[in-house]
Amino acid sequence: MPDHTSNGMQCHEFDGLVSDALDGALSGSRLEGFQAHARTCSVCGPLFAEVTAGRNWLKDLTEVEPPVSLVINILASTTGVDTQRLRANVSPSLSMSQQPRVSFRPSWWERAQAWASGAMQPIWGTVRQPRFAMSFGMAFFSLSVALSVLGVKPADLRSVSLRPAAIRHTYYNTQARVVRYYENIRFVYEVESRVRELKRNVTPAEPAPAKKEHKNDTTQQPEQKQDRNYSQNENHLILACAPLGPSVFDPLNQDPLNPDLPVVSVTTYRRFV
Amino acid sequence: MEDVQVVAMLVRRCVAGDAAAWEEIVQTYNRRIYNICYRFAGSADDAEDLAQEVFIKMYRTLATYDSSKGAFVTWVTTITRNLLVDHFRKTKQDRITDSLDAASSAHEDAQPLSEQIQDQSAPPDARVRSREVGETVHAALAKLSPELREAVILRDLQDFDYREIATVLKVPEGTVKSRINRGRAELARLLQRTYRQVM
Ligand SMILES: [Zn+2]
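Same order as they appear, the protein sequences are chains A and B. Here numbering that gives the first Met the number 0 is used: the first residue of the first sequence is 0, the next is one more, and so on. Here numbering that gives the first Met the number 0 is used: the first residue of the second sequence is 0, the next is one more, and so on.
In short, the hints are calculated from the structure, not lab data. Predicted model only: the values in this text are computed from it and were never measured. The hints are all genuine.
With a straight-line cut-off of 30 Å between C-alpha atoms, the simulated DSS-like cross-links for lysine-lysine are:
no., chain 1, residue 1, chain 2, residue 2
1, B, Lys169, B, Lys56
2, A, Lys58, B, Lys169
3, A, Lys58, B, Lys142
4, B, Lys68, B, Lys56
5, B, Lys89, B, Lys169
6, B, Lys142, B, Lys89
Now the stretches of chain B that chain A is said to cover, found in silico as 3 or more residues with beta-carbon under 8 Å:
no., segment
7, 20-28
8, 131-139
9, 168-181
Yeah, the Cβ is synthetic: ideal placement off N, Cα and C, and Gly gets one too.
Extracted from the complex, chain A is given alone in its bound form (with noise of 0.2 Å):
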């Protein structure tokens, strides 16, 4: 604030003032002497009028009504205050319009409901968050495919005794069950490695233009192979490994040991999933 004299009173002094002079606490030589400078001075009279219209305008603020819920949930979450005694004679500070005309008694069920809500609030809470929801689908899912797998029915569990003898015998039965899958499932693998070999003793002539054919892809577009190496890896390996036979295979991918099972455990895989 630029400080100069106007009417004997500095601007600063003057700033001073201004609180007082809008409460009514100035008087005489003073008041004179503030008022002579509000009118000369360019810069403190807009100053105080900018004052005395913002004081104004706070002025024409009226207080505004609490909500009748605010004291009752005040001592609710301070002493624990029995809440339905306070919703029968609110508050007497507020008006009556505001009170319930009716004293609030919150039945048996309603009281077990609130309870139930505030005790299931924090899991409730997770429970809804989406990401939680579709963790908890895909367990289900992958549940329910491994229950069918398995051929454990839903009608089954209806029927399930929890006795400890029970429960052995359905350990043990499930057991048996998964075990016989599993041989059936290679008992496949073994009947289509068999008709493999079958079939390449039958026609050992084919691969050869396969492989050029193969051969020639590569080099003209390397960049293409490139690609689907990275991006498609297991199919590329099904499509070279499925019409063709051993010779035309890639030897780092085959077991020396057992030639055959790579290429068959691939396919069948494949066919599986």
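Keeping the supplied structure of chain A fixed, place chain B with the ligand upon it in accordance with the hints.
Just chain B with the ligand now, kept in the frame of chain A:
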């Protein structure tokens, strides 16, 4: 503002575990605290949460109140103010004070704003108009910087004296007066601009 003896007794009863005494304290001060919170935070929901927080803190620290060090209402308001500061920091509201560019236009109209407003075409219902004005002033108040806002709220809305405000804000009385005047002036500039746009 309050009978020191009565309040001191009430607090003693409360510390001794008298639930009725605590309820009386809550009934006596909830309106004031709610209003301070509402005018500072701007929203009714925040105000309710904050006021509740104030009373929870008050309840826990009631035993530390020393009546010889100051009025109970000052103590209560200090708790409220401290929580409002925390709330402000947490929500990190960006307050645009606009004070610098507003200052350039301040000299044009020395006439008080209350008089300028009279010239406008008033809505038919005076109560509707007064409510609209109230909402506009409330919104303008939210645009003040927190230091200026709390000062004008305590002085012009809660009628605290400068000494009490100085105690609550922990600044000298001269600073309190200066902040109040700056707050009022800035509010007037903001409203002046609002109503000029309307016209
Ligand atoms: Zn001046």
